[in-house]
Amino acid sequence: ETGVTQSPTHLIKTRGQQVTLRCSSQSGHNTVSWYQQALGQGPQFIFQYYREEENGRGNFPPRFSGLQFPNYSSELNVNALELDDSALYLCASSPDPGIRNEQFFGPGTRLTVL
Amino acid sequence: QKEVEQNSGPLSVPEGAIASLNCTYSDRGSQSFFWYRQYSGKSPELIMFIYSNGDKEDGRFTAQLNKASQYVSLLIRDSQPSDSATYLCAVNNRGTGNQFYFGTGTSLTVIP
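Listed in order, the protein sequences are those of chains A and B. Residue 1 is where the first sequence starts when you use this note's numbering, and the numbers rise one by one after that. Residue 1001 is where the second sequence starts when you use this note's numbering, and the numbers rise one by one after that.
Keep in mind that the hints were calculated from the coordinates and are not lab data. Glycine is no exception: its CB is placed at the ideal position from the N, C-alpha and C atoms. Some clues are possibly wrong.
[What the hints assert, rightly or not] Pair by pair, the computed Cβ-Cβ distance ranges are: (1) B:E1005 / A:S27: 33 to 39 Å; (2) A:E52 / B:I1018: 44 to 50 Å; (3) A:Q18 / B:N1053: 42 to 48 Å; (4) B:K1042 / A:S27: 33 to 39 Å; (5) B:N1053 / A:K13: 44 to 50 Å; (6) B:Y1039 / A:K13: 24 to 30 Å; (7) A:A80 / B:K1002: 23 to 29 Å; (8) B:A1017 / A:L11: 21 to 27 Å; (9) B:Y1039 / A:P8: 42 to 48 Å; (10) B:G1016 / A:K13: 31 to 37 Å.
[Unchecked claim] Some chain B residues close to chain A (C-beta under 10 Å, calculated; not the full set): (11) S1069; (12) N1092; (13) R1094.
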C-alpha cells in the first residue's frame, strides 16, 4: 500500500455528463499527478499539481481540469464526457517535483461512460 | 515515433532465470527514469528509479541507464512466479513543461 487513496472506486456516467474524481496524497508528499490508463495501454499523463499550481500538462483537452488543495489532496474534473473517456484514472503522489520525483500510485478509479 | 517504446512481449522465463526488460525513449532531455510493475487489475507499483548513467541495484532488481543510446533496462535475477506481471517503463523531462511518458508495458510470465 502506498498511502495514496482515491474515490470513488468505480463510477458509471453517461455521455455529456460531468465527473469529479478525488485523490489524497501520501503523507509528506506535496505533488500529485493524474493519469488515464485505457485497457492494454500504459498510463497517459494528464497533468501534475505542485503546491496548488498546475506544474505540467499532457495532451488532454481543456475539459479535463484539476485542483489541488492546501492539504495536497486533489480533484480531477472531466466535463462533457465522451465514450472514449472510459478508462482507469490513476492518481500518483511524489515528495517533490524535482529530480527525486518518483511517483506512487493510488488504486485508481474505474470510469465507464455509456 | 512513440516517446517510450517497449517490447510488448509476452516474455516467458523459467523460475530462477534472469528476466531482461528493455525500453528506449525519444526525448534526449529526459532526466528521470522509472520501472513500474502492474498486476492485472491493479495500479502500477514503483520498483526502481534511476537518474544517472550506469547500473543501480536493489535486491533482485538492477536498472541500467545509457543516456547516449537513450536506453534503459531492468534485470530481474532469480525470477519468481510472483514476478509475473506487466512491467512499465516511464520517463520524465522536467524541462519541457514537465512531461511524463509511459510505455505500453512488457508482459512477463515466470514459469514454475
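To see whether the hints hold, each was checked on the structure:
Taking 33 to 39 Å as the suggested C-beta distance range, the pair B:E1005 and A:S27 conforms, at roughly 35 Å. Checked against the hint of 44 to 50 Å, the pair A:E52 and B:I1018 passes, with Cβ atoms roughly 45 Å apart. At roughly 46 Å, the beta-carbon separation of A:Q18 and B:N1053 lies within the given 42 to 48 Å, and the hint holds. Checked against the hint of 33 to 39 Å, the pair B:K1042 and A:S27 fails, with Cβ atoms roughly 22 Å apart.
Checked against the given bound of 44 to 50 Å, the beta carbons of B:N1053 and A:K13, roughly 46 Å apart, stay inside it. In this structure the supplied range 24 to 30 Å holds for B:Y1039 paired with A:K13, their Cβ-Cβ distance being about 27 Å. Taken as a hint, the range 23 to 29 Å holds for the pair A:A80 and B:K1002, whose Cβ atoms sit roughly 28 Å apart. Taking 21 to 27 Å as the suggested C-beta distance range, the pair B:A1017 and A:L11 does not conform, at roughly 41 Å.
At roughly 21 Å, the beta carbons of B:Y1039 and A:P8 sit outside the given window of 42 to 48 Å. Remark: the range hint 31 to 37 Å for B:G1016 to A:K13 is contradicted by a beta-carbon distance near 47 Å. Against a cut-off of 10 Å between C-beta atoms, the interface hint on B:S1069 is violated, since the closest Cβ of chain A lies about 21 Å away. Of the supplied interface hints, the one on B:N1092 holds, with its beta-carbon coming within about 6 Å of a beta-carbon of chain A, less than 10 Å.
Taken as an interface hint, B:R1094 checks out: its beta carbon lies about 7 Å from the nearest beta carbon of chain A, inside 10 Å.
Hints 4, 8, 9, 10 and 11, counting from the list given before, are not met by this structure.
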